[in-house]
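Here this note's numbering is used: the first residue of the sequence shown is 418, the next is one more, and so on.
Quick caveat, the hints were computed from the structure, so don't treat them as lab data. The beta carbon of each residue, even a glycine, is placed where N, CA and C say it ideally should be. It is possible that part of the hints are untrue.
Said to hold, decoys possible - Keeping only pairs whose Cα atoms sit at most 25 Å apart, straight-line, the calculated DSS-like set for lysine-lysine is:
#, residue 1, residue 2
1, Lys-562, Lys-586
2, Lys-553, Lys-567
3, Lys-553, Lys-571
4, Lys-552, Lys-562
To be verified - Label pairs and their calculated CB-CB ranges:
#, residue 1, residue 2, range
5, Pro-529, Gln-574, 31 to 37 Å
6, Phe-500, Arg-623, 28 to 34 Å
7, Gln-517, Lys-569, 43 to 49 Å
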Amino acid sequence: MQRTADHLTTSAQTGLSLLNPGTWLRGLSSMLWGDRFTVDAPPAKPLKQLREMPYVRYRARRRSLPNTFTRLDWERAQEYWNFSCAVCGRQRGLWHTISQDHWVPLTDPDCPGTVAMNMLPLCCGENGCNNSKGKKNPDQWLIEKLGKRKAKKKIAQIHAYFGWVAELKEQLEYESRVECPDCGYGLLFDEITHLWHCDSCHSDWRERRD
418 MQRTADHLTT SAQTGLSLLN PGTWLRGLSS MLWGDRFTVD APPAKPLKQL
468 REMPYVRYRA RRRSLPNTFT RLDWERAQEY WNFSCAVCGR QRGLWHTISQ
518 DHWVPLTDPD CPGTVAMNML PLCCGENGCN NSKGKKNPDQ WLIEKLGKRK
568 AKKKIAQIHA YFGWVAELKE QLEYESRVEC PDCGYGLLFD EITHLWHCDS
618 CHSDWRERRD
């Protein structure tokens with residue numbers, strides 16, 4: 418059967434234009450030459466998959482990073498910063514809430530993960546600090562927001578907080594470490610569940626076993 422240019426144009430507009438490039442080329446080849454020739458084209462990713470790729474990479478990176486931030490860590494952080502935004506001092510209100518912020522963004526290669534030494538309470542809402550910070554470099558964002566002098570002071574305060582958290586974590590782990598009765602590995606006390614946990618054999622103990 419002879420195929421006219423008008424027929425090809427109509428077919429392309431009604432069907433092939435909705436396909437990905439690889440499928441479009443194979444379809445056009447079939448219309449022009451039937452099954453005698455095949456146009457090889459690399460398979461193209463569906464548009465939905467292409468749109469989701471950045472988020473997929475974000476989730477994959479998040480899974481690969483440490484995630485040890487607990488409810489107790491969050492309560493300590495809020496108490497330390499007087500239940501206010503660690504940057505501007507704004508408290509939770511009608512137009513704002515206090516959210517958990519990764520100070521070094523998850524997209525940053527140097528991000529330590531979702532850990533107490535990287536989480537801060539920031540206001541979120543209209544003109545909120547968390548909203549404007551986003552994935553920016555935290556130090557550069559502070560300079561843009563506060564100016565160099567105030568930013569330098571705030572950076573020192575934040576570093577002091579992270580230092581305090583690190584010392585507290587180390588002290589709690591040292592004081593609570595006892596040996597696991599099953600494998601002899603050190604037990605750690607979870608202040609949320611009130612259980613002693615062994616990272617080696619994954620045993621949990623309700624009471625302290627000396």
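Consistency of the hints with the structure:
For the hint linking Lys-562 to Lys-586, the alpha-carbon distance of about 31 Å lies beyond 25 Å, and the restraint is violated. At most 25 Å may separate the alpha-carbon atoms for a hinted pair to count; Lys-553 and Lys-567 meet this at roughly 18 Å. Simply put, Lys-553 and Lys-571 have alpha-carbon atoms about 16 Å apart, close enough for the 25 Å limit, and the pair holds. About 15 Å separates the Cα atoms of Lys-552 and Lys-562, which keeps this hinted pair within 25 Å; it holds.
A hinted range of 31 to 37 Å is violated for the C-beta pair Pro-529 and Gln-574, which are about 19 Å apart. Between Phe-500 and Arg-623 the CB atoms are about 32 Å apart, so this pair conforms to the stated range of 28 to 34 Å. At roughly 25 Å, the beta-carbon separation of Gln-517 and Lys-569 lies outside the given 43 to 49 Å, and the hint is violated.
When the structure is compared with the earlier hints, violations turn up for hints 1, 5 and 7 and for no others.
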